[in-house]
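Novice: Residue-level listing of the chains:
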Amino acid sequence: MNRIELDITIDHAEIERLKQAITTFADRMGLKSDTRFELTMALEEAVVNIIEHGELTPATGHIHLVLHCRKRIIHIELRDNGRRFDPLQERSPDFEIPFDERKVGGLGIFYLRQMMDNLAYRYADGENILTMQKRIS
Amino acid sequence: MSLTFETREELTGIFIIKLNGSLDTNTAGSLETETNRLLGTTPTTIIFDFENLDYISSAGVRVVLKTKKGLKEVSGNLMMMNLQPQIKKVFEIINALPSQQVFSSISELDRYLDKMQRKITG
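First to last, the sequence lines map onto chains A and B. When we follow my numbering, the leftmost residue of the first sequence carries the number 1, and every step to the right adds one. When we follow my numbering, the leftmost residue of the second sequence carries the number 1001, and every step to the right adds one.
Rather than coming from a laboratory, the hints here were simulated on the basis of the structure. A few of these clues could be false.
Stated by the list, open to error - Think about it this way: if two alpha-carbon atoms lie no more than 25 Å apart in a straight line, the pair counts; the simulated PhoX-like pairs of lysine-lysine are:
| hint | chain 1 | residue 1 | chain 2 | residue 2 |
| --- | --- | --- | --- | --- |
| 1 | B | K1069 | B | K1119 |
| 2 | A | K32 | B | K1088 |
| 3 | B | K1088 | B | K1119 |
| 4 | B | K1115 | A | K32 |
| 5 | A | K71 | A | K32 |
To be verified - Covered stretches of chain A (in silico footprint by chain B; criterion: 3 or more residues with CB under 8 Å from a CB of chain B, positions within the stretch not fixed):
| hint | segment |
| --- | --- |
| 6 | 38 to 45 |
| 7 | 82 to 92 |
| 8 | 106 to 119 |
Here a beta-carbon is modelled for each residue, glycine too, at the ideal position from N, C-alpha and C.
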């Protein structure tokens, strides 16, 4: 099967389950280590961001992830009912400043955007919907 | 996946932390506790050995950056070695991997340790 779906609750421990699901998917698709790494990292960053900044509780919050592979492209959809937040509008950290002087933060979203292709965001029916693609190298 | 690490004091004030596993949201805190402990001893150098590190996320990168910052405050150095290609890329894309901060080989590490030892012993 070239598709997985995962419901994630608002709990950091869920990151382990997320990674296991990605590993299962990556094994099935025969993904190479670089694609596998970047997919895992990007999705960890995206989900952690919702858990930490979505203003959700385990009782009220839900995150739904769909991964689907077609023609050597992984299509990803991530939905959550947290605070309205468009990660694509986030300003990138200023990497020209020597990194000791930089404010440590905003890194997760930066990596998400670096590691994925064709990101798009919309807000509908009380849900943040982030769609992404990842080309298989 | 979990993280384990082992710290050894190679020379007085020079620590090598060898990491094993995954440095991520759930494991970065344990490494930060360790680096804070070391920073409390006013070290001259902390070296991260990433040979057995398979994965890193921004939470892990943050601990490395904070360690670097903490070391700078005590005029110490942060060094890294044995970065796997993906992990190297993670540091490179944020411009946080000056070449003088990475040992490309064990012999380079040895030369560094020799130099530091001469400094200590005069």
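Novice: Next, verify each hint and record whether it holds.
Specialist: Going through the hints against the structure:
no., hint, verdict
1, K1069(B) x K1119(B), "holds, 23 Å"
2, K32(A) x K1088(B), "holds, 17 Å"
3, K1088(B) x K1119(B), "violated, 30 Å"
4, K1115(B) x K32(A), "violated, 40 Å"
5, K71(A) x K32(A), "holds, 16 Å"
6, 38 to 45, "holds (count 5)"
7, 82 to 92, "violated (count 0)"
8, 106 to 119, "holds (count 5)"
Comparing the model with each numbered hint stated earlier shows that hints 3, 4 and 7 do not hold.
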